[in-house]
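Undergrad: Chains A and B are the protein sequences, given in the same order.
Each residue of the first sequence is one higher than the last, beginning at 1 in the working numbering.
Each residue of the second sequence is one higher than the last, beginning at 675 in the working numbering.
What the hints contain is simulated information worked out from the structure, not anything from laboratory work.
Honestly, I wouldn't trust all of these hints.
Some chain B residues flagged as far from chain A (calculated, every beta-carbon gap over 10 Å) [to be verified]: (1) P807; (2) K883; (3) E906; (4) D927.
Taking lysine-lysine pairs in the BS3-like style, the calculated list, with each CA pair at most 27 Å apart, reads [what the hints assert, rightly or not]: (5) K834(B) / K417(A); (6) K851(B) / K875(B); (7) K1045(B) / K733(B); (8) K1045(B) / K992(B); (9) K417(A) / K789(B); (10) K834(B) / K962(B).
Here are the computed distance ranges between Cβ atoms for each label pair [as the list claims (entries may be wrong)]: (11) G873(B) / L273(A): 28 to 38 Å; (12) A729(B) / D418(A): 40 to 50 Å; (13) G290(A) / T830(B): 42 to 52 Å; (14) V447(A) / A1027(B): 28 to 38 Å.
Glycine included, C-beta positions come from ideal geometry on N, C-alpha and C.
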Amino acid sequence: MDYFGQLLANGLVLGAIYALTAVAFTLVYGVVRLVNFAFGELFMLGAFLTTSLMLPEVRLLGTVVPMPGFPLPIAALGAIVVTGIIGVVVDRIAYRPLRNAPRLAPLITSIAVSVVLQSLAQTIWGAEELRFPQFYLATLEPVVLFDSIYLSVMDLVVMATAIVAMLGLSLFIARSSLGRAMRASAEDQTAAMLVGIPVNRVVAAAFAIGSGFAALAGLLYAQTYGFAHSSMGFLPGLKALTAAVLGGIGSVPGAALGGLILGLVEALGAGYLPNGTAWKDAISFVLLVGLLYLRPQGLLGRPELNSAGRGSLLGGASSAGVGWLQAVFARFDALLTRGAAAGTPAAFGLLAVAVVVGLMVPSDYWLRILTMVVIYGMLASGLNVIVGFAGLLDLGFVAFWAVGSYLTSILFVLVLKDGYGIAPQEVWWLLYLNLPLAGLLAAGFAVLLGTPTLKLRGDYLAIMTLGFGEIVRVVAINWMDLTNGPMGIRGIPAPNLFGISLGSPRAQFFFALALAVVVVFAVARLVRSYVGRAWVAIREDEEAAEAMGVPTARYKLYAYAASGFVGGFVGVFYAHSQQYISPLNFSLFENILLLMLVVLGGLGTFIGPFVGALIWIAFLQLALDLPFVQAYPETRFALLGVVLIVLMVFRPQGLAASARVGLTMPGARAKEAA
Amino acid sequence: MTVKRIAAALVGIGLLASPGHARAEEITIGFTAALSGDFAAFGLNMRKGLDLAVAELNKKGGATYRIDAVDDRGEAREGVLIAQRFCSDKNVDVVMGYSFSSIALAAMPVFTECKLPVLASAVTSPALSNVSPYFRRNVLTDAVQGAMAGAYAARTLGLKSIYVLNQQDDYGIGIAKSFSEAAEKGGAKVVGSESYLLGAKDFRTLLTKVRAARPEAIFIGGFYTEAAKIAEQARALGIKAQILSTDGALNVDLVKLGRDAVEGMIVYGMFDPAVATPATEAFLSAYKAAYKEDPSAWAALGYDAGMTLGAAADLAAKDGPVTRESLNAAFGKLKDVPGVTGPTSFAPSGDRAGALYFLAVKDGKFGLAPKQP
């Protein structure tokens, strides 16, 4: 009984924090229909700001800065206000210009904002944890209930604060005029505008309040666990989003309920399942996926929220932007258009360049980097099938990649070498069999993943795929018998052909290049076929495609399968080229990175993913030699995020957009230009 | 076209990065470890010790030593690229450092290919034993350290019931396994075991389980970041058990993060400033003069690795120029190089023998634990 009681108490504290953050997601979603992934980072900022304001001095950017050393309540208030302002600024810069853009656009910028804020926080406050200062209330003896349930005084404060804050917000929304304006805007923005509600200001208020709630949750979390850290907001952010979706996103009581349920399920699950602590992150995502499958609108949500806006990201280019920049892009576009018009010869030309580069580069180090570029380019191409051509945001793509890598590693190392003592050289041909086999297996997984998501649209789809990706990763870490867990699998043989080792960096580069030719050719054939046209139709307008007789569900599954196939296929080579894989290689951040590469290069193009990969990976390595980057390596990721936001606002179709396959009608294109 | 231009730029860079001519008397140490991020403390401390050794070697005359440091940020993927970077740079004669066994494991095939010797100081996975003829380390393996700690807990401290926690990776799993086996052999009972993910923050549920088992002691096979949180949350849940941990928790940051909660926690390491021998005195005073703090075990191992390299380079120089290959051969021939963590010689597996000190936190500082094996 005392065991259960203590778990219940732990779950309530955790649930209170989840609920507060979930309110942030729900509030903003309710008003602008945007899943702002960056709330996890605002949560983190709240924690850092509070901690900094409470300390006598803080080390910022490597220099010690004197701080006021406020008591907790004042520091907390300051942090909430500042975070609220940051939230409004983020909305103004990154989301408001995209208010009328397709829903995918602000979703991607919010991920980029998240990356920027996290890297900046790491640059400013450093990579180490910042200890939360001790203060009076935390030094009090814990409250002991029934002689066995321990709750610290601050635990009670956390729960009380959560209840008061949420009741206050509900009252505010129900009674105040701003609250009424918010409800009106949530109901119908155009109508609200027509009756004279300043919608932009209402949205800004929603962002301010939401960010304040996230900051409040963050500082309570930092207080409970005793630290602030730049990556602390990531997982709680995902959990809070899960809680918001569980409760029905858009509903404040729903967020409270979702947070509570999630906190309890996690605490009780971790407490009663064998080795539950290691599995607890999977528990919440399984809950999420299950619920989305059975009741997509959440417990208290309204079904109409499960919908996608019309139009694709690739639509009209924004005419905003500096003059010279536009001129540069215009020349660049003309060049690419000529290249794209040349079609096959241009492709062969590029291939020839790649071959020459592969032959000429003298340094093994740069050959390895170029191999990495080709691998990431291929993976991004796989993701591009689903995001760029079919217009579905997939945050679980790394799972397919992992399936391919693990399949070949398990077969070669764990089964054949360790199990039967067969040397990898004797079965070199297995690699070539594994390539399509892993592709098929991953495609199977993709269909499995895709089937339940058919009921889902837009943002819910992104959240569900994210849940799947995380589940696969947690399974890879914890199912030791299958995957060797976090130790990873090592000793994966280098590629080999008829007994000749292809392990040298140069051979690997050409191997990768050969695979890239296969991948690009296959994707290109597929996209130009009836299937590809159906995808583009779905991307441009799902309802219209459905009305025109495209069986959208089936073609969406094809898109998942094709994308999964590429992921698995490339994953096999990835494992053999790295010779060591572990679950760390397949984190959500890798997925976000791939997504960024696709967007950077150009959604829905064949060359784009490679352009993005080349720019980014070469930059990552080159920048390492700059003294500033050596001191602050995280700034590279911040820069990527900033570039992405700028691209989304000014050039949503990516750098290489003019190389896009023209599968839409010329009439539509002409209208865009006008 | 743009692609072509970038490619051309890359070729140019490749040419720039390609090797110049190595001078025989200059030895370049490729140093790589997690130098930023949550687990940076191990690498930064090793670096401090190594810097001291390099300064000393350069003062001595003979070959000059230079360090080329690269941060692997704790990511295995970076490990392979960094290894290739060192391999391609013909100036690099030896590689040192490494905070994570998984990264060293990922990098070793590359080093083996280009025959570049590695002398690591903080990677303890048994999987690295015999991994390559070019790999050596001067730190004891988990299997050895865990067994020593298990025997210490059961025999020296006389603990009867222990709850074993470990972080879910090769380090934590390896150490927890060897600790549990040795503790049970010594007469203690392992009343439960549980693992957690590296980077976990919330241990309340885990500790609620621990509390229900009423153990006399808790063993944490993990790093200082989590050990400090576990200790703090355990005390908040009213758990009074003795807490034991590993060399992964041996770090001044443990005390900074855990404050009062880690008072009395017992950890182990291969070096302790309180144990002064003639060999350590010079090191201690030089380290204090340079960094205004006591050296940790990691700094001591980094220092010893540097001095071991010096001995190997001298040995190799006797038979001609110092190359990667001759340096590697010299490492294998070394016999009992004196050092602050005891004498160093390498077994063919790449491992060395040595002793452990058990340390306890007292008044916010690590000191020799009252009971030693």
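Undergrad: If a hint holds in the structure, say so; if it does not, say that too.
TA: Here is what the structure says about each hint:
1. P807: Since the minimum Cβ distance to chain A is about 16 Å, P807(B) lies beyond 10 Å and the statement holds.
2. K883: violated (6 Å)
3. E906: Contrary to the label, E906(B) does not stay out of reach of chain A, its closest Cβ about 6 Å off (not over 10 Å).
4. D927: Since the minimum Cβ distance to chain A is about 8 Å, D927(B) lies within 10 Å and the statement is violated.
5. K834(B) / K417(A): Given that 27 Å is the threshold and the Cα spacing comes to 41 Å, the pair is violated.
6. K851(B) / K875(B): holds (23 Å)
7. K1045(B) / K733(B): violated (40 Å)
8. K1045(B) / K992(B): violated (46 Å)
9. K417(A) / K789(B): The hint holds at about 25 Å.
10. K834(B) / K962(B): With Cα atoms ~40 Å apart, K834(B) and K962(B) exceed 27 Å; violated.
11. G873(B) / L273(A): 28 to 38 Å: violated (20 Å)
12. A729(B) / D418(A): 40 to 50 Å: Since A729(B) and D418(A) have Cβ atoms about 46 Å apart, the given range 40 to 50 Å holds.
13. G290(A) / T830(B): 42 to 52 Å: holds (50 Å)
14. V447(A) / A1027(B): 28 to 38 Å: violated (55 Å)
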